[in-house]
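Just so you know, the sequences run in chain order A and B. This note's numbering numbers the first residue of the first sequence as 1 and each following residue consecutively. This note's numbering numbers the first residue of the second sequence as 1 and each following residue consecutively.
No lab work stands behind these hints, which were simulated from the structure alone. If you're wondering where the values come from, they're calculated on a predicted model, not measured in any experiment. Hints are not guaranteed to be accurate.
[As the list claims (entries may be wrong)] No farther apart than 25 Å at their CA atoms in a straight line, the calculated lysine to aspartate or glutamate pairs in the DMTMM-like style are these:
id: 1; chain 1: B; residue 1: 353; chain 2: A; residue 2: 26
id: 2; chain 1: B; residue 1: 412; chain 2: A; residue 2: 68
id: 3; chain 1: B; residue 1: 353; chain 2: A; residue 2: 89
id: 4; chain 1: B; residue 1: 83; chain 2: B; residue 2: 175
id: 5; chain 1: B; residue 1: 292; chain 2: B; residue 2: 136
id: 6; chain 1: B; residue 1: 31; chain 2: A; residue 2: 71
id: 7; chain 1: B; residue 1: 393; chain 2: A; residue 2: 89
id: 8; chain 1: B; residue 1: 311; chain 2: A; residue 2: 26
id: 9; chain 1: B; residue 1: 375; chain 2: A; residue 2: 186
id: 10; chain 1: B; residue 1: 391; chain 2: A; residue 2: 25
id: 11; chain 1: B; residue 1: 393; chain 2: A; residue 2: 88
id: 12; chain 1: B; residue 1: 206; chain 2: B; residue 2: 409
id: 13; chain 1: B; residue 1: 96; chain 2: B; residue 2: 122
id: 14; chain 1: B; residue 1: 393; chain 2: A; residue 2: 26
id: 15; chain 1: A; residue 1: 117; chain 2: A; residue 2: 183
id: 16; chain 1: A; residue 1: 124; chain 2: A; residue 2: 186
id: 17; chain 1: B; residue 1: 88; chain 2: B; residue 2: 171
id: 18; chain 1: A; residue 1: 100; chain 2: B; residue 2: 54
id: 19; chain 1: B; residue 1: 391; chain 2: A; residue 2: 26
id: 20; chain 1: B; residue 1: 311; chain 2: B; residue 2: 358
id: 21; chain 1: B; residue 1: 393; chain 2: A; residue 2: 25
id: 22; chain 1: B; residue 1: 32; chain 2: A; residue 2: 25
id: 23; chain 1: B; residue 1: 31; chain 2: A; residue 2: 26
id: 24; chain 1: B; residue 1: 393; chain 2: A; residue 2: 183
id: 25; chain 1: B; residue 1: 412; chain 2: A; residue 2: 25
id: 26; chain 1: B; residue 1: 138; chain 2: B; residue 2: 221
id: 27; chain 1: B; residue 1: 311; chain 2: A; residue 2: 72
id: 28; chain 1: B; residue 1: 391; chain 2: A; residue 2: 88
id: 29; chain 1: B; residue 1: 412; chain 2: A; residue 2: 72
id: 30; chain 1: B; residue 1: 412; chain 2: A; residue 2: 186
id: 31; chain 1: B; residue 1: 353; chain 2: A; residue 2: 180
id: 32; chain 1: B; residue 1: 311; chain 2: A; residue 2: 90
id: 33; chain 1: B; residue 1: 393; chain 2: A; residue 2: 72
id: 34; chain 1: B; residue 1: 391; chain 2: A; residue 2: 90
id: 35; chain 1: B; residue 1: 311; chain 2: A; residue 2: 25
id: 36; chain 1: B; residue 1: 393; chain 2: A; residue 2: 90
id: 37; chain 1: B; residue 1: 319; chain 2: A; residue 2: 186
id: 38; chain 1: B; residue 1: 353; chain 2: A; residue 2: 90
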Amino acid sequence: MTIYKTTKYILLLVGSLMLNITWADDGSLFMLVGNCMGCHGPNGVSLGPATPNIAGMNPSTFVKAMEEFRDEERPSTVMRHIAKGYSDEDFQTMADYFVKQAFIPYQQTVDADKVKKGAKLHQKYCQKCHTNSVHTIVGSTNLAGQWMLYLQFTLVDIYTGVRDMPIRVLQIVENMVQLEGIESVDNLIHFYASQTEHK
Amino acid sequence: MITRRNFIKIATGITAAGLSGCSNFSIATAKKRVIVIGGGAGGATAAKYIRQVDPSIDVTLIEKNRYYYTCFMSSSVLSGERKIDSIKFSYDGLIKRGIKVVHHLAVGIDPITKTVTTQNGDIFYYDRLIVSPGIDFKWDTIEGYDKTIAKTIPHAWDSGYQTITLRKQLEAMKDGGTVIITVPHKPFRCHPAPFGRASEMAQYLKQHKPKSKILILDANEKFAQQKLFIQGWKKLYGYGTDNSLIEWYPFSDGGGEVVQVDAKERAIYVGPFEDQHQADVINVIPAQKAGKIAFTADLVDETGWCPVNQKTFESKRHKDIHVIGDACIASPMARSAYAANSQAKVCAVAVVKALQGEEMGTPSYLNACYSIVGKDYGISVAAVYRLEGDKIKWIRGAGGLSPMDASAEVRKREMYYAHSWFKNITYDMFR
Ligand SMILES: Cc1cc2nc3c(=O)[nH]c(=O)nc-3n(C[C@H](O)[C@H](O)[C@H](O)COP(=O)(O)OP(=O)(O)OC[C@H]3O[C@@H](n4cnc5c(N)ncnc54)[C@H](O)[C@@H]3O)c2cc1C
Numbered sequence: 001m002t003i004y005k006t007t008k009y010i011l012l013l014v015g016s017l018m019l020n021i022t023w024a025d026d027g028s029l030f031m032l033v034g035n036c037m038g039c040h041g042p043n044g045v046s047l048g049p050a051t052p053n054i055a056g057m058n059p060s061t062f063v064k065a066m067e068e069f070r071d072e073e074r075p076s077t078v079m080r081h082i083a084k085g086y087s088d089e090d091f092q093t094m095a096d097y098f099v100k101q102a103f104i105p106y107q108q109t110v111d112a113d114k115v116k117k118g119a120k121l122h123q124k125y126c127q128k129c130h131t132n133s134v135h136t137i138v139g140s141t142n143l144a145g146q147w148m149l150y151l152q153f154t155l156v157d158i159y160t161g162v163r164d165m166p167i168r169v170l171q172i173v174e175n176m177v178q179l180e181g182i183e184s185v186d187n188l189i190h191f192y193a194s195q196t197e198h199k
Numbered sequence: 001m002i003t004r005r006n007f008i009k010i011a012t013g014i015t016a017a018g019l020s021g022c023s024n025f026s027i028a029t030a031k032k033r034v035i036v037i038g039g040g041a042g043g044a045t046a047a048k049y050i051r052q053v054d055p056s057i058d059v060t061l062i063e064k065n066r067y068y069y070t071c072f073m074s075s076s077v078l079s080g081e082r083k084i085d086s087i088k089f090s091y092d093g094l095i096k097r098g099i100k101v102v103h104h105l106a107v108g109i110d111p112i113t114k115t116v117t118t119q120n121g122d123i124f125y126y127d128r129l130i131v132s133p134g135i136d137f138k139w140d141t142i143e144g145y146d147k148t149i150a151k152t153i154p155h156a157w158d159s160g161y162q163t164i165t166l167r168k169q170l171e172a173m174k175d176g177g178t179v180i181i182t183v184p185h186k187p188f189r190c191h192p193a194p195f196g197r198a199s200e201m202a203q204y205l206k207q208h209k210p211k212s213k214i215l216i217l218d219a220n221e222k223f224a225q226q227k228l229f230i231q232g233w234k235k236l237y238g239y240g241t242d243n244s245l246i247e248w249y250p251f252s253d254g255g256g257e258v259v260q261v262d263a264k265e266r267a268i269y270v271g272p273f274e275d276q277h278q279a280d281v282i283n284v285i286p287a288q289k290a291g292k293i294a295f296t297a298d299l300v301d302e303t304g305w306c307p308v309n310q311k312t313f314e315s316k317r318h319k320d321i322h323v324i325g326d327a328c329i330a331s332p333m334a335r336s337a338y339a340a341n342s343q344a345k346v347c348a349v350a351v352v353k354a355l356q357g358e359e360m361g362t363p364s365y366l367n368a369c370y371s372i373v374g375k376d377y378g379i380s381v382a383a384v385y386r387l388e389g390d391k392i393k394w395i396r397g398a399g400g401l402s403p404m405d406a407s408a409e410v411r412k413r414e415m416y417y418a419h420s421w422f423k424n425i426t427y428d429m430f431r
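Only chain A is shown next, with the shape it has when bound in the complex (with noise of 0.2 Å):
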């Protein structure tokens, strides 16, 4: 199940989407997240592969998130001075706008052998927490139609312990490398990156 789409498909709908950005207050919501858009693409649907996609992020993911780039504990390229600009009462104001916009998942290449193999690995390791591997779930980032290259960067933190996570998921992510080899890491991306539609 290889999926092909072009670029014209996801910004039509991104296109529509931006209509609906109202101010119904002094403006100052637009101005806090409208910052965020540089990078993170309208309304969070990044159309750039390294930067992720944080529409429809969980909130509290999204506060833990930038507590642990303005903390230093999460490593990051500009995330890390960006955070520290801006209060807990702002992380939670883009927290709370981001989960309302809609995940618009970039239709990418992937390789069909790759997404079988992926979706046995998630099943297998990942699914306990990341139930079904949709986005909206609790505790979850959005892993479901993510940037492959995020992706990539992010479980090559986590495997080389470059980013700290609990001792039960590195224990997991080194577990799997261990029995299915490194390519799991690529046959798990390949999956959750074909997961465009979501529950």
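Add chain B with the ligand to chain A, keeping to what the hints say.
Same frame as chain A, but now just chain B with the ligand:
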């Protein structure tokens, strides 16, 4: 300056507006009119968001060119990593959003009658005007350099044709040739960019013409992200050795302002002693000031840039006219596309709220800027700002550079993030 021809245009405009309600000249209707001059990083963003937030506002964008070529990522055209078409944007996206796009040069602004005149003689009325014209060059500071000479000795500080010319010259240069980049005194558009450009040129030369050299003659003593650039140059281009692809000369040591260009000899004269330099490819980046229309319309002060209320970006010199982007004085914010985009959003709110007769909320400003130093090698700078009193202030601690001595993986990611950013920010501006 209402000529007979224009008067007729305006008059017919009124009638048309009465019928359709969507003319530029809709003075007879209650529709509020916003005009934006300059469809670049700042102006395109402002036009888009004003229209989106309040579709009852009539937004007209006056932009002299049919296509916008970004300066940002133009250095990747010089390295050959990108084709020029990947940095070319049309205004169709904005037109689809209901913005009227007029491709003419704005030549006059009358703050009393609240009108803008374009070169072809058309007159446009506004309730609020946003001016985002970018930069102009201080041509008269360099003897023998002007727009015509710039066709063969490019500045490429405007993108498009200039960028293509510079790329072609690099391609035509022999292995072992010399490239000179001159850096004007600060402030100028995008302080790290001359060094990003040198880097990306070196990336190309390293692969195709490794015996060549790039000399950077700087009118300043220091440059943006200097340590990071130099660390990258040492790693990638042998900086500091005899075989270095890049050599940098600060003001006090062989650098300086360009005082003269001799196009026939392909020579430039630089610094207080007017040292002569010849090279195969010369890239003169002249000293800068706000875009021309800002001068014509009396929006600049003695610095050559436009003083504004930093909350609303309304000009301190003329009411109901806002200036954003490179042309405005928003320090400590950099002159960058991200900064212009961020200012445009704040300005859009200010304009809409003013037209609605309401108070605007708390502004928030951001800048993030990536530079590509070489293959799989990027660096960045970011900063968050807020309003304190009536000034934009950097939020202490909320900003900084990529770390020194970072791993190859980190540098590679910054390169990917740079291109990702470009996709998203250009969508935010033009789509
Ligand atoms: C080599 C280089 C690399 C750069 N890299 C980056 C980067 O990586 N990241 C970053 O954030 N920034 C970067 N920048 C800076 C960025 O390009 C500028 O800061 C940004 O374009 C400023 O936006 P602006 O709206 O002020 O001006 P511009 O984007 O220049 O837009 C001005 C527009 O107004 C039009 N115009 C001007 N006068 C008139 C008139 N009278 N009538 C009609 N139209 C008019 C022009 O045609 C133009 O389209 C770089 C710049 C350079 C030169």
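Hint check:
Taking the CA atoms of residue 353 (chain B) and residue 26 (chain A), the gap is near 8 Å; set against the 25 Å cutoff, the hint holds. For the hint pairing residue 412 (chain B) with residue 68 (chain A), the CA-to-CA distance comes to about 22 Å; that is within 25 Å, so the pair holds. For a cut-off of 25 Å, the pair hint linking residue 353 (chain B) to residue 89 (chain A) stands: about 24 Å separates their Cα positions. Proposed proximity of residue 83 (chain B) and residue 175 (chain B) is supported: the alpha carbons are some 22 Å apart, at most 25 Å.
Distance restraint check for residue 292 (chain B) and residue 136 (chain B): the Cα-Cα separation of roughly 6 Å lies within the 25 Å cut-off, and the hinted pair is therefore satisfied. Between residue 31 (chain B) and residue 71 (chain A), the direct Cα distance comes to roughly 49 Å. Violation of the 25 Å bound is thereby established for this hinted pair. For the given pair, residue 393 (chain B) sits about 20 Å from residue 89 (chain A) by alpha-carbon distance, which is consistent with the 25 Å threshold. For the given pair, residue 311 (chain B) sits about 13 Å from residue 26 (chain A) by alpha-carbon distance, which is consistent with the 25 Å threshold.
A C-alpha spacing of about 24 Å is found between residue 375 (chain B) and residue 186 (chain A), which places the hinted pair at or below 25 Å, so the restraint holds. For a cut-off of 25 Å, the pair hint linking residue 391 (chain B) to residue 25 (chain A) stands: about 23 Å separates their Cα positions. A threshold of 25 Å between alpha carbons decides the hint, and for residue 393 (chain B) with residue 88 (chain A) the separation of about 20 Å falls inside it, so the pair holds. Taking the CA atoms of residue 206 (chain B) and residue 409 (chain B), the gap is about 21 Å. The hint holds against a cut of 25 Å.
Taken as a hint, the residue 96 (chain B) and residue 122 (chain B) pair is honoured in the structure, with Cα atoms around 23 Å apart against an allowance of 25 Å. For a cut-off of 25 Å, the pair hint linking residue 393 (chain B) to residue 26 (chain A) stands: about 21 Å separates their Cα positions. About 10 Å separates the Cα atoms of residue 117 (chain A) and residue 183 (chain A), which keeps this hinted pair within 25 Å; it holds. Note on residue 124 (chain A) and residue 186 (chain A): the hinted pairing holds, with a Cα-Cα distance of about 15 Å set against a maximum of 25 Å.
Taking the CA atoms of residue 88 (chain B) and residue 171 (chain B), the gap is about 21 Å. The hint holds against a cut of 25 Å. The suggested pairing of residue 100 (chain A) with residue 54 (chain B) holds, with an alpha-carbon distance near 21 Å, which does not exceed 25 Å. As the CA atoms of residue 391 (chain B) and residue 26 (chain A) are separated by approximately 20 Å, the hinted pair is consistent with the 25 Å bound. Restraint check for residue 311 (chain B) and residue 358 (chain B): satisfied, since their Cα atoms lie roughly 14 Å apart, inside the 25 Å limit.
For the proposed pair residue 393 (chain B) and residue 25 (chain A), the alpha carbon gap of about 24 Å is at most 25 Å, so the pair holds. As the CA atoms of residue 32 (chain B) and residue 25 (chain A) are separated by approximately 20 Å, the hinted pair is consistent with the 25 Å bound. For the given pair, residue 31 (chain B) sits about 21 Å from residue 26 (chain A) by alpha-carbon distance, which is consistent with the 25 Å threshold. Restraint check for residue 393 (chain B) and residue 183 (chain A): the C-alpha separation of about 48 Å exceeds 25 Å, so the hint is violated.
Under the criterion of a C-alpha separation no larger than 25 Å, the hint pairing residue 412 (chain B) with residue 25 (chain A) is inconsistent with the structure, at around 41 Å. Between residue 138 (chain B) and residue 221 (chain B), the direct Cα distance comes to roughly 21 Å. Compliance with the 25 Å bound is thereby established for this hinted pair. Proposed proximity of residue 311 (chain B) and residue 72 (chain A) is contradicted: the alpha carbons are some 31 Å apart, above 25 Å. About 23 Å separates the Cα atoms of residue 391 (chain B) and residue 88 (chain A), which keeps this hinted pair within 25 Å; it holds.
As the CA atoms of residue 412 (chain B) and residue 72 (chain A) are separated by approximately 20 Å, the hinted pair is consistent with the 25 Å bound. Proximity of residue 412 (chain B) to residue 186 (chain A) is assessed by CA-CA distance (about 19 Å); at most 25 Å being required, the pair is judged to hold. Taking the CA atoms of residue 353 (chain B) and residue 180 (chain A), the gap is near 58 Å; set against the 25 Å cutoff, the hint is violated. Between residue 311 (chain B) and residue 90 (chain A) the CA atoms are separated by roughly 19 Å; this keeps the pair inside 25 Å, and the hint holds.
Between the alpha carbons of residue 393 (chain B) and residue 72 (chain A) the distance comes to roughly 23 Å, so the proposed pair stays at or under 25 Å and holds. Annotation: proposed proximity of residue 391 (chain B) to residue 90 (chain A) holds, straight-line Cα distance about 21 Å (limit 25 Å). For the suggested pair residue 311 (chain B) and residue 25 (chain A), the alpha carbons sit about 17 Å apart, so the restraint of at most 25 Å is met. This hinted pair checks out: residue 393 (chain B) and residue 90 (chain A) have alpha carbons roughly 18 Å apart, not beyond 25 Å.
The suggested pairing of residue 319 (chain B) with residue 186 (chain A) is violated, with an alpha-carbon distance near 58 Å, which exceeds 25 Å. With a C-alpha separation of about 22 Å, the suggested pair residue 353 (chain B) and residue 90 (chain A) falls inside the 25 Å cut-off, and the hint holds.
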